[in-house]
Amino acid sequence: MNNEKSYAEMMKSLARKRKIREADNVLDMYIDMIIDDALFKHKKSILETQINYALDERDRTAFYDLSLQYQSLLKTST
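FYI, the numbering for the sequence shown is 1 to 78, going by UniProt numbering.
Among the hints, erroneous ones may be present.
[What the hints assert, rightly or not] Only pairs whose alpha carbons sit at most 25 Å apart, straight line, appear in this in silico DSS-like list of lysine-lysine:
hint : residue 1 : residue 2
1    : K17       : K44
2    : K43       : K75
3    : K75       : K41
4    : K17       : K5
5    : K5        : K19
It is worth saying that the hints were derived from the structure and are not from the lab.
Nothing here was measured: the structure is a model prediction, and the numbers come from that model.
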């Protein structure tokens with residue numbers, strides 16, 4: 001006797017596999033969002049520190065360059 005599944009059992013199994021795969025896709029998306037957010041906050045913090053240092057040192061060139069990078073970073077986050 002073969003261990004063949006009925007059509008209904010195969011469909012239920014396929015549906016379960018699809019749900020698991022969809023859950024994995026959503027989980028991967030959330031993980032990517034968390035990583036992207038952490039990287040954004042880290043880059044923003046570094047730029048803010050560098051901008052403050054440039055202001056303290058009265059380095060206009062560095063300030064303008066860093067300000068442009070900061071603005072660009074903020075635009076890419078939206």
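For each hint, the structure was consulted:
no. : hint       : verdict
1   : K17 to K44 : 41 Å, violated
2   : K43 to K75 : 13 Å, holds
3   : K75 to K41 : 14 Å, holds
4   : K17 to K5  : 16 Å, holds
5   : K5 to K19  : 20 Å, holds
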